[in-house]
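Engineer: Sequence:
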Amino acid sequence: MNIETLLMNSLEKSKEVINESLNSREFLESLKKASELIIDTYNKKGKVMLAGNGGSAADSQHICAEFVGRFNFNRPSLPAIALTTNTSNLTCISNDYGYEKVFSRQIQAFGTNDDTLIVYTTSGKSENILELLKDARPLVKSIIAMSGCETKLLADNCDVVISVNSDQTPKIQEVHAIAGHMICESVEFKLFGDVKDSE
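The sequence shown finishes on residue 196 if you use the working numbering, and the numbering steps up by one all the way, no holes.
Because the hints were derived from the structure by calculation, they are not lab data. Careful: at least some of the hints might be erroneous.
What the hints assert, rightly or not - Taking lysine to any residue and the SDA-like style, the derived pairs with C-alpha atoms no more than 25 Å apart in a straight line are:
no., residue 1, residue 2
1, Lys30, Glu147
2, Lys30, Asp111
3, Lys41, Pro135
4, Lys122, Val14
5, Lys10, Asn162
6, Lys41, Lys122
7, Lys149, Leu34
8, Lys12, Ala55
9, Lys98, Leu87
10, Lys42, Ser27
11, Lys41, Ser27
12, Lys30, His178
Generate the whole structure from the sequences, applying the supplied hints.
Structural biologist: Written out as C-alpha coordinates, the structure reads:
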(Lines of atoms letter the chains of each structure in order from A and count residues from 1; the text may use other names and numbers.)
(Lines give C-alpha, C1' and ligand atoms only; values in the text may rest on other atoms or scores of the structure.)
Protein backbone atom coordinates (compact mmCIF):
# COMPACT_ATOMS: atom_id res chain seq x y z
CA MET A 1 0.00 0.00 0.00
CA ASN A 2 1.43 3.40 -0.95
CA ILE A 3 1.37 6.41 1.36
CA GLU A 4 -1.41 8.21 -0.53
CA THR A 5 -3.70 5.19 -0.25
CA LEU A 6 -2.85 4.82 3.42
CA LEU A 7 -3.71 8.49 4.05
CA MET A 8 -6.97 8.28 2.10
CA ASN A 9 -8.01 5.15 4.00
CA SER A 10 -7.25 6.85 7.29
CA LEU A 11 -9.24 9.95 6.30
CA GLU A 12 -12.19 7.82 5.24
CA LYS A 13 -12.15 6.00 8.57
CA SER A 14 -11.96 9.31 10.44
CA LYS A 15 -14.88 10.64 8.42
CA GLU A 16 -16.90 7.52 9.17
CA VAL A 17 -16.34 7.68 12.95
CA ILE A 18 -16.89 11.45 13.12
CA ASN A 19 -20.08 11.33 11.06
CA GLU A 20 -21.47 8.42 13.09
CA SER A 21 -20.88 10.39 16.29
CA LEU A 22 -22.32 13.66 15.03
CA ASN A 23 -25.37 11.91 13.59
CA SER A 24 -26.07 10.17 16.90
CA ARG A 25 -28.82 11.76 19.00
CA GLU A 26 -27.35 10.10 22.10
CA PHE A 27 -23.92 11.60 21.41
CA LEU A 28 -25.34 15.10 20.94
CA GLU A 29 -27.48 14.77 24.08
CA SER A 30 -24.39 13.77 26.07
CA LEU A 31 -22.57 16.88 24.79
CA LYS A 32 -25.54 19.04 25.77
CA LYS A 33 -25.72 17.56 29.26
CA ALA A 34 -21.95 17.90 29.76
CA SER A 35 -22.10 21.55 28.69
CA GLU A 36 -24.97 22.22 31.09
CA LEU A 37 -23.10 20.63 34.00
CA ILE A 38 -20.03 22.77 33.33
CA ILE A 39 -22.11 25.93 32.97
CA ASP A 40 -23.74 25.16 36.32
CA THR A 41 -20.31 24.62 37.88
CA TYR A 42 -19.07 28.00 36.67
CA ASN A 43 -22.28 29.75 37.72
CA LYS A 44 -21.71 28.35 41.22
CA LYS A 45 -18.07 29.57 41.22
CA GLY A 46 -16.64 26.07 40.96
CA LYS A 47 -13.82 24.90 38.72
CA VAL A 48 -13.22 22.20 36.12
CA MET A 49 -10.52 19.56 36.59
CA LEU A 50 -9.35 17.25 33.82
CA ALA A 51 -7.28 14.07 33.59
CA GLY A 52 -6.14 11.47 31.08
CA ASN A 53 -3.11 9.43 30.02
CA GLY A 54 -0.85 9.87 27.00
CA GLY A 55 -2.68 11.59 24.14
CA SER A 56 -5.63 11.99 26.50
CA ALA A 57 -3.37 13.93 28.88
CA ALA A 58 -2.75 16.32 26.00
CA ASP A 59 -6.52 16.55 25.43
CA SER A 60 -6.96 17.41 29.11
CA GLN A 61 -4.39 20.20 28.89
CA HIS A 62 -5.85 21.48 25.62
CA ILE A 63 -9.39 21.86 26.96
CA CYS A 64 -8.09 23.30 30.23
CA ALA A 65 -6.33 26.01 28.20
CA GLU A 66 -9.52 26.79 26.27
CA PHE A 67 -11.32 27.50 29.55
CA VAL A 68 -8.53 29.46 31.22
CA GLY A 69 -7.58 31.38 28.10
CA ARG A 70 -10.30 31.83 25.50
CA PHE A 71 -12.06 29.89 22.78
CA ASN A 72 -13.80 32.11 20.22
CA PHE A 73 -13.67 35.55 21.78
CA ASN A 74 -12.23 37.61 24.62
CA ARG A 75 -13.99 37.11 27.96
CA PRO A 76 -13.17 36.56 31.66
CA SER A 77 -10.97 33.56 32.42
CA LEU A 78 -12.63 30.37 33.68
CA PRO A 79 -10.90 28.30 36.40
CA ALA A 80 -9.66 24.91 35.21
CA ILE A 81 -6.87 22.57 36.29
CA ALA A 82 -5.30 19.76 34.26
CA LEU A 83 -4.20 17.10 36.75
CA THR A 84 -1.63 15.96 34.18
CA THR A 85 0.77 18.88 34.26
CA ASN A 86 2.64 19.17 37.57
CA THR A 87 5.61 16.83 37.12
CA SER A 88 6.56 16.97 40.78
CA ASN A 89 3.05 15.87 41.77
CA LEU A 90 2.96 13.17 39.11
CA THR A 91 6.34 11.67 39.96
CA CYS A 92 5.97 11.99 43.73
CA ILE A 93 2.56 10.32 43.82
CA SER A 94 3.56 7.63 41.34
CA ASN A 95 6.72 6.85 43.29
CA ASP A 96 5.13 6.87 46.76
CA TYR A 97 1.64 5.50 46.08
CA GLY A 98 1.75 3.86 42.63
CA TYR A 99 0.67 5.20 39.26
CA GLU A 100 -2.93 4.11 39.80
CA LYS A 101 -3.17 6.86 42.46
CA VAL A 102 -1.61 9.63 40.36
CA PHE A 103 -4.91 11.46 39.83
CA SER A 104 -6.99 10.33 42.80
CA ARG A 105 -4.45 11.76 45.24
CA GLN A 106 -4.77 15.13 43.51
CA ILE A 107 -8.57 15.16 43.54
CA GLN A 108 -8.41 14.66 47.30
CA ALA A 109 -6.39 17.87 47.49
CA PHE A 110 -8.27 20.01 44.98
CA GLY A 111 -11.82 18.69 44.64
CA THR A 112 -14.73 20.66 46.12
CA ASN A 113 -18.47 20.18 45.96
CA ASP A 114 -19.08 22.81 43.24
CA ASP A 115 -16.50 21.35 40.83
CA THR A 116 -16.77 19.30 37.65
CA LEU A 117 -14.27 16.59 36.74
CA ILE A 118 -13.67 15.60 33.11
CA VAL A 119 -11.81 12.34 32.49
CA TYR A 120 -10.51 10.89 29.23
CA THR A 121 -10.03 7.15 28.71
CA THR A 122 -10.24 5.72 25.21
CA SER A 123 -10.24 2.15 26.56
CA GLY A 124 -12.70 2.86 29.37
CA LYS A 125 -10.45 0.76 31.60
CA SER A 126 -7.53 2.99 32.66
CA GLU A 127 -6.85 2.00 36.26
CA ASN A 128 -5.81 5.45 37.43
CA ILE A 129 -8.95 6.98 35.88
CA LEU A 130 -11.18 4.39 37.58
CA GLU A 131 -9.45 5.13 40.90
CA LEU A 132 -9.95 8.84 40.28
CA LEU A 133 -13.66 8.40 39.61
CA LYS A 134 -14.14 6.38 42.77
CA ASP A 135 -12.41 8.98 44.94
CA ALA A 136 -13.94 11.97 43.14
CA ARG A 137 -17.57 10.85 43.33
CA PRO A 138 -18.20 12.04 46.92
CA LEU A 139 -16.06 15.17 46.48
CA VAL A 140 -17.25 16.93 43.33
CA LYS A 141 -20.59 18.08 41.92
CA SER A 142 -20.41 16.35 38.56
CA ILE A 143 -18.25 13.95 36.55
CA ILE A 144 -18.00 13.73 32.76
CA ALA A 145 -16.19 10.89 30.98
CA MET A 146 -14.88 10.92 27.42
CA SER A 147 -14.50 7.33 26.25
CA GLY A 148 -14.58 4.91 23.36
CA CYS A 149 -17.18 2.18 22.99
CA GLU A 150 -16.31 0.56 26.36
CA THR A 151 -18.25 2.40 29.07
CA LYS A 152 -19.52 -0.12 31.63
CA LEU A 153 -16.74 0.50 34.18
CA LEU A 154 -17.33 4.27 33.98
CA ALA A 155 -21.08 4.60 34.09
CA ASP A 156 -21.71 4.12 37.82
CA ASN A 157 -19.48 7.02 38.87
CA CYS A 158 -20.23 9.46 36.05
CA ASP A 159 -23.08 11.88 35.41
CA VAL A 160 -22.55 11.71 31.68
CA VAL A 161 -20.40 9.53 29.41
CA ILE A 162 -19.52 10.88 25.96
CA SER A 163 -18.88 7.64 24.09
CA VAL A 164 -17.32 7.28 20.63
CA ASN A 165 -18.40 4.08 18.90
CA SER A 166 -14.91 2.88 18.01
CA ASP A 167 -12.14 0.75 19.50
CA GLN A 168 -9.36 2.57 17.60
CA THR A 169 -7.61 5.00 19.94
CA PRO A 170 -6.59 7.59 17.29
CA LYS A 171 -10.12 7.79 15.88
CA ILE A 172 -11.63 8.09 19.38
CA GLN A 173 -9.21 10.90 20.19
CA GLU A 174 -10.11 12.74 16.99
CA VAL A 175 -13.77 12.80 18.05
CA HIS A 176 -12.80 13.72 21.62
CA ALA A 177 -11.04 16.80 20.24
CA ILE A 178 -14.18 17.83 18.34
CA ALA A 179 -16.38 17.12 21.37
CA GLY A 180 -14.13 19.17 23.64
CA HIS A 181 -14.30 22.12 21.26
CA MET A 182 -18.08 21.88 20.99
CA ILE A 183 -18.42 21.89 24.79
CA CYS A 184 -16.04 24.87 25.14
CA GLU A 185 -17.96 26.79 22.50
CA SER A 186 -21.30 26.09 24.21
CA VAL A 187 -20.02 27.01 27.67
CA GLU A 188 -18.32 30.19 26.50
CA PHE A 189 -21.33 31.39 24.53
CA LYS A 190 -23.89 30.67 27.27
CA LEU A 191 -21.80 32.36 29.96
CA PHE A 192 -20.42 35.27 27.96
CA GLY A 193 -22.44 35.69 24.78
CA ASP A 194 -23.32 39.21 25.86
CA VAL A 195 -19.59 40.04 25.93
CA LYS A 196 -19.24 38.88 22.34
CA ASP A 197 -22.33 40.79 21.26
CA SER A 198 -20.92 44.03 22.70
CA GLU A 199 -17.59 43.78 20.86
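Engineer: Determine for every hint whether it applies to the structure shown.
Structural biologist: Here is what the structure says about each hint:
1. About 20 Å separates the Cα atoms of Lys30 and Glu147, which keeps this hinted pair within 25 Å; it holds.
2. Pair hint Lys30 plus Asp111 holds up; C-alpha atoms about 16 Å apart against a cutoff of 25 Å.
3. The straight-line distance between the Cα atoms of Lys41 and Pro135 is roughly 18 Å, inside the 25 Å bound, and the hint therefore holds.
4. Between Lys122 and Val14 the alpha-carbon distance is near 21 Å, which keeps this suggested pair within the 25 Å criterion.
5. For the suggested pair Lys10 and Asn162, the alpha carbons sit about 12 Å apart, so the restraint of at most 25 Å is met.
6. A threshold of 25 Å between alpha carbons decides the hint, and for Lys41 with Lys122 the separation of about 31 Å lies outside it, so the pair is violated.
7. With a C-alpha separation of about 21 Å, the suggested pairing of Lys149 with Leu34 holds against the 25 Å cut-off.
8. Note on Lys12 and Ala55: the hinted pairing holds, with a Cα-Cα distance of about 22 Å set against a maximum of 25 Å.
9. With a C-alpha separation of about 9 Å, the suggested pairing of Lys98 with Leu87 holds against the 25 Å cut-off.
10. Simply put, Lys42 and Ser27 have alpha-carbon atoms about 23 Å apart, close enough for the 25 Å limit, and the pair holds.
11. Between Lys41 and Ser27 the alpha-carbon distance is near 21 Å, which keeps this suggested pair within the 25 Å criterion.
12. Simply put, Lys30 and His178 have alpha-carbon atoms about 15 Å apart, close enough for the 25 Å limit, and the pair holds.
Consistency note: the structure conflicts with earlier hint 6 alone.
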